Amino acid sequence: MDQTAEIQRHMAFHLTGAPGGDLESVDFAARPALLAPYRDLAALRYDYPVVLVDDAVDEACVSSLTTLVDHMLRDNAPRGVEGERVRRSVLRAEREIRRLVAAGARGILSDLWAQAAPDLADETEHLNVDGEVADCDAELPRRVVAHAWHSVQRQKARRFHADVDRLVQALSDILRAAFIHSEPGRRPESLQAAFGSLHSDQFDFDMMSRLLGRSSPRDELPPDRRERIERALEVLRRQRFFDPAPGSSSAQSPEPPFEYRYTSCRAAVDAFRERLPAVVEFVKAMSIAELEADGRYVGSQHDAFFQSFDENSLSREDLARFPDYLVCVHGDESGAVIDLLSSGLPVKVLVETEELLAPEHFGVHLRSTQLASTVIGLMDVFAFQATSSSLYQLRERLLASLRYTGPTLLSIFSGPSSASSDLPPYLLSAAALEGRAFPAFTYDPEAGPDLASRFSIDENPQPELDWPIAPLEYADASLQRVVEQIPFTLVDFAACDRRYARHFARIPREHWSDETVSVDQWLTLDPAEAEARVPHVLVVDDNDRLQRLIVDAKLMHAARRCRELWHGLQELGLAHRHLAPALLDEAPPEPLEPSVAEVPGAAVAAVAEETAADDPWIETPRCSTCNECTGINDRMFAYNDNKQAYIKDPDAGTFRELVEAAESCQVAVIHPGKPRNPDEPGLEDLIERAKEFQ
Amino acid sequence: MTPLLRQCLIHMAEDHHSLEDYEGGVPRWCNGCGDNAILAAVQRLCRGEDLSLERTVFVSGIGCSSRFPHYMGTYGFHGIHGRAFPIAEGIKMARPDLDVFVNTGDGDCCSIGAAHWIHAIRYNMNLTVLLHDNFVYGLTKKQASPTSPRGLRSNTTPRGSYLEPLNPLSVTLGVEGASFVAQAVDWIPQVLYDIIAAAHQHRGFSFVRVIQRCPEFMPGMLDPWLQDPSKTLLLTHENGLQLEPDLARIYTHHREHDPLDIDAARRLASSDDDIPVGILYRNPEVPCYEELRGAGQARPADRIRASLEAELDKFTVWPASDERAAA
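Taken in order, these protein sequences are the chains called P and Z. In terms of the numbering used here, the first sequence has 58 at position 58, counting the first letter as 1, and numbering is strictly consecutive. In terms of the numbering used here, the second sequence has 1247 at position 247, counting the first letter as 1, and numbering is strictly consecutive.
Read the hints as simulated data drawn from the structure, not as lab findings. Keep in mind that the hints are not guaranteed to be accurate.
On the chain P side, residues computed to face chain Z include the following (Cβ under 7 Å) [claimed, not checked]:
| id | residue |
| --- | --- |
| 1 | Asp119 |
| 2 | Arg316 |
| 3 | Asn627 |
| 4 | Asn642 |
Computed cross-link-like contacts, SDA-like style, restricted to lysine to any residue with a CA-CA straight-line distance of at most 25 Å [claimed, not checked]:
| id | chain 1 | residue 1 | chain 2 | residue 2 |
| --- | --- | --- | --- | --- |
| 5 | P | Lys643 | Z | Pro1219 |
| 6 | P | Lys691 | P | Asp634 |
| 7 | P | Lys643 | Z | His1017 |
| 8 | P | Lys674 | P | Asp615 |
| 9 | P | Lys643 | Z | Lys1142 |
| 10 | P | Lys691 | Z | Ser1161 |
| 11 | P | Lys691 | Z | Ile1250 |
| 12 | P | Lys643 | Z | Pro1229 |
| 13 | P | Lys691 | Z | Pro1229 |
| 14 | P | Lys156 | P | Glu234 |
| 15 | Z | Lys1142 | Z | Arg1153 |
| 16 | P | Lys674 | P | Asp685 |
| 17 | Z | Lys1141 | Z | Ser1161 |
| 18 | Z | Lys1142 | Z | Glu1216 |
| 19 | P | Lys643 | Z | Tyr1193 |
| 20 | P | Lys648 | P | His671 |
| 21 | P | Lys691 | Z | Tyr1251 |
| 22 | Z | Lys1141 | Z | Asp1223 |
| 23 | Z | Lys1231 | P | His671 |
None of these values were measured; they are calculated from a predicted model. Ideal Cβ placement from N, Cα and C applies to all residues, glycine included.
Please model the entire structure based on the sequences and the hints provided.
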């Protein structure tokens, strides 16, 4: 097949999705090239699993296992050899727990610890905390949100109980004082009961009663006030909004507390409506109690007000005293969710999204990112959008959203079922965030007066760019280390999922050419130019070999749409920098230079790129570190992290040095290429000598 | 990856060391010397296994190879000629928790230290032994060693050496108690690394003969093997060496060899033509001497501490009132 025919075949696949010619279907488990190094997550220390710490507040309620272990070791591991032994054992235990949890084990940290490292069971006491261990899987959003919600409600409950106890105490004191001053309170048996049994035989309580009856003013509570106070006390004591606090004076309700967790919007609204009279009654009782406690209740002023007190009298601050409703639904209830949020009720709605791209209708299904954007228009709804992989990093924002006094939307991508991908759920979820398929953002109505200060997309990687860029390090066909900066796009995210395999076709390595362009470049072409070019994406196969896949037009359309949606968020999110239009027009800024050490192991993908025959090169993996070349010129030749030579700067020396290095290399891995300086003396002889090593 | 994901994916950092952490002095070996390759492989191993600098010891005798401990950032003991093994054994008996490596040369091990070598094999203590075999005494400027090829003209054999060379592999495999015997060459870095790593993982006396070039005194001796990869016989096995595809394409001469088969190992060790590279023999069942003798139990930490306190007390200046009491 000649080259033109190949290009036509590539174009035909791009347009129609029909493979043919040299193209091969993607029958291997492809993974984006940038994710190549992350094969075994259990061997890495990262944010997951997390521990949902019992009885903790604020950020500490969700803690990474790694962080807990680090803190434990920092505080408890002895110095020196013994400490080293403890450290290694504990880190082994951590790795084993990670493996157990990844394999589906559930339970609390202390149990898993005992299972993972029975010999280190004593160390668990140094952890100081315990709680359920949760890995980054489909259930994570629900578990973490519910746990954080519980934590926030616990804090609320503490404030609530403190207020109620204070008021109950104050009202009880009023009643007790009135009783003491009353006729029954001055009876001898009451006085004796108040005095207690000790030394009671030394007092004449009859005499005391008579004396007190003569000297005390008659100041009994007016009946209507007594009734008001007693009714308020009754309401306060019988509240069912929070679990009764141990020892609390409000723990007298015979009925169980209300349930606040629901799985449908309708049920939550119904529950709210049903409890509204009780809420009104309670707020009324608290207001009366406050006034009575301060002695500021004036019947002529307040009676009329409290008689007409109803649900319309409730303010947001009043409702904020009560628990928030937590509603967990899936993405297909978005209509009901918007209705619920727009009602202004104190609800926290968790919407879990499992699918972002339906194989048939990419465009339609990208809507899932729209829900959170839509509720921003409601102005007073806190919107928090994230992927499950970023929940730990964004836990502070998550807690802020749950503390918000008004309605909150928590839109979280939990990832499709693992059956559709070979990647662990954490990576899949991270890929959705990196590929802008499910961007993270927050809209906090209390953060400032304008949209710019309320809306933030800073949670995303490199938010100024269309797509985040990261270095890809690999060995090319000549086993040379190559580092390229490549973007992570929606197409990379789609490549993780086997269900989209038919939107890709593999180009055999020998047919790679400059005729295909990378996805991000293709998206920046003007439409006329794009029609003539075929986009490709880099992935690795099961053997970590780099592959180029052609992407069909349907998927590219989805990628274009995704990019447009991202631009929309960028305009909002970068507005506070007053640079949004300028930034979007400008060339993207250079990404930070990444450190090789940050990539755990080089991606060992081999690629059949043509190395320019004129450039000098070294078969680095075969270098035996004999110092011959570095001894000749250590600016031109240098050692890499494995102490094997590569050409650091071909212009840092002469062609003669290159040829001499090639001649003296014991394992003949240096190839001098062609002279770079045509004026170098003795070139003719050197070129002849170099021939042997080309 | 981009910062957010990168923050999450922290490489397993159990006190993570870089290769530079294991570097000691600047090597003074000749350019082109195979010792450099062995040094690089060992430093990579230390990094790969994340060995503690303070719990790793390199012991050597005398010779070019025995300068090795100077170039490591760990503890080291540059011993006396032929006595690397007893020193290493002493360290292991006193501190069985340490990782102990022995670097010895063909002269140091196979000539003056031969008796210690034989008995070190018998003891099967948990040591990683690297025999740097360049077929010549290099430090003393070219004298014939026990492994020098017959006919080598050197300062001590001006008419050529008269004897056939000693084969360190055959000797080791012939001693009762041998538990790990392997051969590597310095010019295939990945295989060298893999073999040293396997030796380090083995619990017992891991003997690795590394055939290395000496460009100064034996130039060209190994060129036939360097220039023709098919002359190097790579021994592969699921329990032994496993080649990466790229390497297997270059070194096409492989053979499956089960490291448990000592008879096959002895035949391979004594073959003349091809250089066998790989794990010839491995038997994890051989008991280690330090375990048989309960090494380390005689010196528990509290006793060491008490002895140190007693020693330090000798130099303590006691207050006048306590002096009598102390006396």
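Results of checking the hints against the structure:
1. At its closest, the beta carbon of Asp119 of chain P sits 17 Å from a beta carbon of chain Z; the interface hint therefore is violated under the 7 Å criterion.
2. Given the 7 Å rule on beta carbons, the hint for Arg316 of chain P is violated: about 34 Å separates it from the nearest Cβ of chain Z.
3. The restraint placing Asn627 of chain P at the interface with chain Z holds, with a minimum CB-CB distance near 5 Å, inside the 7 Å limit.
4. A least Cβ separation of about 6 Å between Asn642 of chain P and chain Z falls short of the 7 Å threshold, and the interface hint therefore holds.
5. Our distance criterion of 25 Å between C-alpha atoms is met by Lys643 of chain P and Pro1219 of chain Z, whose separation comes to about 24 Å.
6. Of the supplied pair hints, the one linking Lys691 of chain P and Asp634 of chain P holds, its CA atoms being roughly 23 Å apart against a limit of 25 Å.
7. For the suggested pair Lys643 of chain P and His1017 of chain Z, the alpha carbons sit about 15 Å apart, so the restraint of at most 25 Å is met.
8. The hinted pair formed by Lys674 of chain P and Asp615 of chain P meets the criterion: a straight-line CA distance of about 6 Å does not exceed 25 Å.
9. Distance restraint check for Lys643 of chain P and Lys1142 of chain Z: the Cα-Cα separation of roughly 29 Å exceeds the 25 Å cut-off, and the hinted pair is therefore not satisfied.
10. About 39 Å separates the Cα atoms of Lys691 of chain P and Ser1161 of chain Z, which puts this hinted pair outside 25 Å; it is violated.
11. Proximity of Lys691 of chain P to Ile1250 of chain Z is assessed by CA-CA distance (about 21 Å); at most 25 Å being required, the pair is judged to hold.
12. Distance restraint check for Lys643 of chain P and Pro1229 of chain Z: the Cα-Cα separation of roughly 23 Å lies within the 25 Å cut-off, and the hinted pair is therefore satisfied.
13. As the CA atoms of Lys691 of chain P and Pro1229 of chain Z are separated by approximately 21 Å, the hinted pair is consistent with the 25 Å bound.
14. Taking the CA atoms of Lys156 of chain P and Glu234 of chain P, the gap is near 22 Å; set against the 25 Å cutoff, the hint holds.
15. Between Lys1142 of chain Z and Arg1153 of chain Z the CA atoms are separated by roughly 9 Å; this keeps the pair inside 25 Å, and the hint holds.
16. A C-alpha spacing of about 13 Å is found between Lys674 of chain P and Asp685 of chain P, which places the hinted pair at or below 25 Å, so the restraint holds.
17. A hinted pair counts as satisfied when its Cα atoms are at most 25 Å apart, and Lys1141 of chain Z with Ser1161 of chain Z qualifies at roughly 16 Å.
18. With a C-alpha separation of about 9 Å, the suggested pairing of Lys1142 of chain Z with Glu1216 of chain Z holds against the 25 Å cut-off.
19. Distance restraint check for Lys643 of chain P and Tyr1193 of chain Z: the Cα-Cα separation of roughly 12 Å lies within the 25 Å cut-off, and the hinted pair is therefore satisfied.
20. Among the hinted pairs, Lys648 of chain P with His671 of chain P is consistent with the structure: their alpha-carbon atoms are about 14 Å apart, no more than 25 Å.
21. Between Lys691 of chain P and Tyr1251 of chain Z the alpha-carbon distance is near 24 Å, which keeps this suggested pair within the 25 Å criterion.
22. A hinted pair counts as satisfied when its Cα atoms are at most 25 Å apart, and Lys1141 of chain Z with Asp1223 of chain Z qualifies at roughly 21 Å.
23. With a C-alpha separation of about 23 Å, the suggested pairing of Lys1231 of chain Z with His671 of chain P holds against the 25 Å cut-off.
Hint compliance for this structure: hints 1, 2, 9, 10 are not met, and every other hint is.
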